[in-house]
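Kindly produce the complete structure, drawing on both the sequences and the hints.
Heads up: the protein sequence lines correspond to chains R and B, in order.
Last residue of the first sequence: number 281 in my numbering, and the count goes up by one each step with no gaps.
Last residue of the second sequence: number 341 in my numbering, and the count goes up by one each step with no gaps.
Calculated directly from the structure, the hints in this document are not laboratory data.
Every residue gets a Cβ at the ideal spot worked out from N, C-alpha and C, and that includes glycine.
Careful, some of the hints might be misleading.
[What the hints assert, rightly or not] Cβ-to-Cβ under 7 Å is the rule here; a few derived chain B residues that face chain R: (1) 203; (2) 334; (3) 335; (4) 336; (5) 337; (6) 338; (7) 339; (8) 340; (9) 341.
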Amino acid sequence: MAVKFIRRVLLAVSVAGAVAGVIRFKGKGVGAIKQGGWRKVTDSKQN
Amino acid sequence: MIGIVGAGVVGSRVAETLRLFSQQQICVYDIEQIVSQRLAGRLSGGKSQIGVVDRNSMKSAKVVVLCGPSPHFLIAKELLNASVSVVSTSDDIADCLNLLTLSQLAAENNAKLIVGAASSPGMSGLLVRQLAESFDSIDEVHVALHGTGGPACARQHHRALSGQSIGWHDGEWLRRPAGSGRELCWFPEPVGAYDCYRGELPDPLLIKRAFPELERVTGRVTATRRDRIFSRVPMMIPPQAEGGMGGLRVEVRGMKSGARLVDVIAVAERVGQVAGVVAASTAHAIDTNKIGEHGAHVLGDESMPNSWLITQICSAGINLHSFVRA
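Now the structure itself:
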C-alpha cells in the first residue's frame with residue numbers, strides 16, 4: 235500500500251516537473267526580439 | 016567650488032565627471048578620510064584641483080553633491096541653512112519626501128535643492144521629459160531598474176523588495192507589497208530581459224511631482240527568486256564593491272495626433288556611473304546658473320534645464336537607447 239502511494243507521488247511529481255519544464259522552456263520567450271530592438275539615440279545637439 | 020560628500024562609487028564618478036566638465040575646484044569629504052584622500056590623489060592633476068576637506072568646510076562651497084548612504088535630510092538642512100545649494104542622490108522614499116519639505120528653507124536661503132538626482136530617481140525623470148516632448152499628452156509612466164551602484168545602493172535595493180511599493184493609479188496613491196506584480200521587461204544589450212517586480216522606489220512620487228498630468232506611474236526593480244525570498248531578512252552576504260552592468264527602462268504612454276502611443280527609452284550602463292554623471296551634471300548646472308528658481312526641484316520638472324542636462328549626460332558617455340518596433 236505504502237509503495238503504491240510513493241509510486242503515485244513520484245509519478246505525480248515527475249509529470250508536474252515535466253509539464254513545468256516544457257512550459258518554462260517554451261516560455262523562454264524570444265518573441266520580443268522578433269518584434270523589435272534597441273536603437274542608439276544620438277543627441278542632435280552633440281553633432 | 017563644488018563639494019562632494021561621500022567618496023564611494025557614486026562620489027568618485029561625480030568627481031570624474033566634474034573633472035571631465037573642467038570644473039576647477041572640487042572638494043571631497045568622506046567619513047573615512049583615507050577614502051577621500053585616495054580619490055583626490057587619483058584624480059588630481061590637469062585643470063581640476065581636488066582637495067580633501069572636513070564636513071564644516073563644505074559650507075564654503077557653492078553646491079554640494081550628497082553621495083553617501085541615505086538619509087540626506089540632516090546634512091542637506093545644515094547646508095541649506097548656510098545658503099549652500101544641494102544635490103541629493105538619495106533613493107529612499109522617506110528621505111526624498113523629507114528633503115522636499117526643505118523647499119521653503121532653500122528658497123529663504125537663496126539656495127537650490129535637487130532631490131533624487133541619481134539614476135532612479137533622476138535619470139528616469141529626465142528620460143520621461145525627453146519622451147514627453149514627442150507626445151501631445153502623456154498619461155502613464157512605468158519605470159524599471161536593473162542593477163545597483165555601490166554597497167549602500169545594494170542595501171537600498173534589498174530593502175526596496177521587502178517594503179511597500181507606492182504607485183499613482185487613477186487619482187490615488189496605491190500601496191502594494193514590494194516583490195509582487197511580475198512583469199518581463201527588456202533592457203538594451205548586454206542586460207537583456209529580466210523579470211521586474213514592484214519596488215519601494217521614490218520614482219513614482221518624484222515623477223508625479225514633475226508631471227502632475229499623469230494618471231498612472233509605477234516603479235519596478237529586477238529581482239531573482241533568491242532576491243525576493245531573502246529580501247525579508249537582513250543581508251547575509253555583504254554586497255560587492257560595485258554592481259555589474261545595470262539598466263534603466265522608461266515606458267511612456269500617451270496620445271499623439273489622436274492615436275494612442277507607447278514609447279520606450281532606456282540606458283544600459285553601470286548604475287553608479289549613471290547616478291554619478293546625472294548628479295555631477297546637475298551640480299554643474301547649478302554652478303553655471305542654469306537653474307534659476309530657488310527651492311526644491313526634481314529632475315524632469317519644467318523649471319529644470321532638462322535638454323541641457325541630457326546633452327551633458329550624453330557627452331559624458333551615457334548612451335540612450337530607443338525601442339524600435341520591427
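Here is how each hint holds up against the structure:
1. 203: holds (4 Å)
2. 334: OK, holds: residue 334 of chain B within 7 Å of chain R, min 6 Å.
3. 335: OK, holds: residue 335 of chain B within 7 Å of chain R, min 4 Å.
4. 336: holds (4 Å)
5. 337: Nearest chain R Cβ about 5 Å off; hint holds.
6. 338: Where the cut-off is 7 Å and the nearest Cβ of chain R is about 6 Å from residue 338 of chain B, the hint holds.
7. 339: Holds. Min distance 5 Å.
8. 340: At 4 Å from the nearest chain R Cβ, residue 340 of chain B passes the 7 Å test, so the hint holds.
9. 341: holds (5 Å)
In summary, this structure violates none of the numbered hints.
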